[in-house]
Every structure is written in structure tokens, then in C-alpha cells.
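Chain by chain, the residues:
Number of protein chains: 2
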Amino acid sequence: MVRVNILLGGPSEDYPQDFVDNPKDIPGYWAGADRGNLYLLQHGITPDLAVGDFDSIDQADRELIESKVNDVHQYPPEKDDTDSELVMLIANDKYNADEYYIYGGTSGRIDHFLVNLFLPFDERFESFFDKIKFVSNTNTIEFRRPGSYTVTKEENMKYIGFVGLGAVDNLSILDAKYKLSNFNSDHPISWASNEFVNDKIHYSFDSGVVAVIQSRDKKKD
Amino acid sequence: MVRVNILLGGPSEDYPQDFVDNPKDIPGYWAGADRGNLYLLQHGITPDLAVGDFDSIDQADRELIESKVNDVHQYPPEKDDTDSELVMLIANDKYNADEYYIYGGTSGRIDHFLVNLFLPFDERFESFFDKIKFVSNTNTIEFRRPGSYTVTKEENMKYIGFVGLGAVDNLSILDAKYKLSNFNSDHPISWASNEFVNDKIHYSFDSGVVAVIQSRDKKKD
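Residue numbers (our numbering), protein chains in the order written: chain X, 585 to 805; chain U, 585 to 805.
Just so you know, the hints here were simulated from the structure itself, not pulled from any lab data.
Hints are supplied without guarantee of correctness; some may be wrong.
Because identical chains share one entry, a pair is satisfied inside a single copy or across any pair of copies.
Claimed, not checked - With a cut-off of at most 25 Å between alpha-carbon atoms, the simulated DSS-like pairs for lysine-lysine come out as follows:
1) Lys717 x Lys802
2) Lys742 x Lys663
3) Lys663 x Lys678
4) Lys737 x Lys663
5) Lys663 x Lys763
6) Lys663 x Lys761
7) Lys784 x Lys663
Work out the full structure, taking the sequences as your base and the hints as a guide.
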């Protein structure tokens with residue numbers, strides 16, 4: 585199993601606790617987008633891959649990244665893709681990994697977040713969107729193609745949401761607190777605030793893309 | 585013009601600065617969802633309407649809300665709708681307002697945020713989704729029906745994103761930094777990181793729902 589971790593430019597307040605506490609304990613390769621590379625270097629991790637326009641960081645920091653990282657891809661600020669898209673595409677070309685864990689991609693600017701949320705519909709991500717997992721302090725997101733699945737409760741998370749990102753057919757959620765049977769929709773819908781009864785939930789759907797989101801409240805836990 | 589402000593239960597770190605600094609200067613009625621009501625009371629605002637299951641706040645605080653607010657709608661925790669949906673629907677029944685400003689609805693739990701983002705597709709919001717504006721410290725979101733529009737740059741915001749929440753036809757963006765001409769998509773897409781050249785941008789589309797998101801980076805401004 586090849587695992588690649590990618591740190592995007594989102595606010596560090598939203599990073600998961602295990603990454604904040606012991607970033608070097610996280611297995612796998614590391615790639616950084618833009619100032620994500622600085623955070624990694626400042627916390628003892630040398631990125632295996634650095635991507636970005638680097639327009640938001642100063643000359644000295646840019647030189648630090650160039651001197652430390654072997655594989656740097658610099659792009660002009662005026663480009664068609666976000667840094668997030670570029671780093672995921674380049675990382676997939678380079679590693680063809682089994683799992684991509686994306687940090688810093690779910691908070692901050694909502695237009696950026698929605699690029700990430702809707703990437704299953706971008707044909708360049710068609711081959712690997714279901715290997716991508718966004719992880720933050722209070723939310724994780726995975727994308728699923730039509731099929732039958734088992735999802736396991738993550739430690740620290742309390743709720744689970746099943747989100748049809750567009751039309752979806754025959755979505756069934758079996759052994760959760762709130763069940764769903766052969767649900768169809770021609771538009772996006774978020775089935776929020778479901779919960780695990782046991783530590784696993786079985787679900788299935790026949791067409792569309794479903795985002796599975798585990799979450800917790802920030803205040804209460 | 586009747587304006588209603590609604591405070592949802594999202595984390596207070598993400599509230600807009602003017603609301604944090606001088607909440608009482610914001611014109612209009614106030615409605616609170618769940619613990620949003622507590623924040624309002626603690627900051628000198630008596631909600632005109634309080635909605636929620638109130639399961640996340642203790643008995644004393646619940647009694648405070650009941651003693652101060654004339655119009656309290658309490659629901660059981662096991663309900664089909666989120667508190668956010670309920671408070672918007674009840675506020676619209678009560679006030680039939682021209683504008684709904686929603687605070688605390690864009691951060692925190694992503695499954696909840698996506699309920700808010702996708703509400704234009706919920707038939708109960710069909711009559712008024714384009715009167716709703718989500719406002720936070722770093723992002724604002726408005727929803728638009730097919731038509732021709734002018735959007736004005738908001739003070740403090742830097743970027744603008746045009747997001748097709750589902751299929752969209754003939755989306756044109758005229759006088760922005762990045763232009764678009766009669767763009768069609770059969771799936772959701774976020775055109776992120778556009779910018780104002782002047783203080784207005786003209787855009788139009790023929791079918792679908794477009795979310796217009798103004799934003800800024802947290803770190804840099």
C-alpha cells in the first residue's frame with residue numbers, strides 16, 4: 585500500500601490533532617501545495633514533492649523550499665487550476681498511490697473547498713477520486729463510486745453524513761441510526777447527522793457519486 | 585425592506601468581524617438556532633425567534649432562552665430537518681422578509697454546511713433561496729436563479745467564485761479578471777479564485793442554480 589499525504593494551504597487551526605501533535609509519525613510520502621510546504625519544513629518534514637505558484641510566500645521562504653525539496657513544480661499564479669488540483673494530479677502521476685490523505689483542504693475559502701468537493705466530476709480525477717480522503721480536525725470526506733460498501737467509525741468522530749453530490753439512484757443505508765431505502769434524487773442532497781449504532785455501517789447505491797463525511801462538533805468534544 | 589438575521593450553531597471563530605465587534609449595530613430581526621440563541625443573549629441581543637432541539641445546551645441556559653424569548657420553537661432531537669433548515673423555514677413563514685443573513689452556517693460540520701449549500705434544491709426553499717445570504721469572516725454565499733446579474737465587490741473580500749451547484753447552461757462572466765462565455769456543464773463545478781477588475785461584475789446563465797461566493801484568505805488580509 586502506497587500512501588501519499590498532501591498538505592494544502594488551508595488554515596492550520598483545522599488540521600487533525602494527530603498531525604499537529606506528531607506529524608512525523610504519519611506514514612507515507614509528503615507533498616505540499618504552496619505554503620503547505622513551509623508548514624511541513626517547519627515541523628520537521630521534508631516534502632517529497634512541492635507544487636504551487638508560491639505567490640503568497642516571500643523570497644526567503646521560497647528559496648528555503650527550493651533548497652530543501654528535490655522535486656519542486658512552480659506554476660505561474662495566472663493558471664487554470666488551483667494549487668490543490670495541481671498537487672493531487674502531479675502526486676498521482678508520480679506515485680500512483682493507493683491512498684491520498686489531504687490535509688488543509690476543507691476549511692478556509694469555500695470556492696476552493698468546492699473545487700475539492702466536486703473533483704469526482706473532473707475527468708482528470710476519474711481514475712483516482714475514490715483513493716482521496718480529506719482529513720481535518722472535525723471532518724473527514726471520502727468519495728465513492730456506485731457499489732456496496734462498509735464504512736467503519738473513526739475514532740473521535742460522532743456523526744456521519746451521506747451526500748449525493750449530484751443525481752443518485754437507489755441509495756440505501758442499512759444499519760445506521762437513520763436508515764434509507766432505495767432513495768433516488770435528481771439533485772444534490774446532504775443526509776446529515778446520521779450516527780453509527782455499531783462501529784460499521786453498510787450502504788450501497790447504483791449511480792452517481794456519494795461523499796461520506798464523518799464529523800464531530802468542535803465545541804462539545 | 586425587511587431583513588432577518590439568523591445565527592446558526594457554527595463556531596464563533598468564523599463570525600464576520602462587524603458582527604463580533606458590534607452585533608447590536610446590525611439592523612433587522614434576529615432569529616437563533618439552538619445555541620446561537622445563547623450567543624445572542626450573551627451579546628445583548630434578544631432573539632425575536634428561537635428554534636432548535638436545544639439538546640446541546642444545559643437546563644439553565646435553556647430556561648434562560650425560554651424566559652427571554654417570546655417565540656420559542658422547540659423540536660425533538662430526532663427530527664428529519666437540521667436546526668438550520670427549521671429556523672430558516674420558520675423565519676420565512678413568520679416574516680416573509682426580503683433578505684435573510686445567515687451567520688455561523690458555513691464552517692464547522694461539513695455535512696451541515698452541505699445541507700445549507702444545497703437548499704436551493706429543496707422545494708421548501710424554492711420561493712426564497714435567492715433571498716438568503718450566508719456571511720462569515722472570510723466567505724459570503726448568495727444563490728441565483730437563471731437571469732442576468734450585477735454583483736458588487738464586498739469590502740474586505742478579495743476573490744469571487746461562481747459555482748454551478750448542478751447542471752448549468754450558458755454561464756457567462758463578463759467583466760471579471762477571468763471571463764467565461766456561454767459555459768455549459770452537466771455536473772457541479774466551482775470556478776474559483778476569480779477577481780474583480782472594477783467594483784462590479786456582470787454575469788448571466790440560462791438554467792441551473794449558481795452560488796456566488798466572495799472570499800478572502802484568512803492569513804494574508
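Review point. Failing hints, ascending?
Key: none
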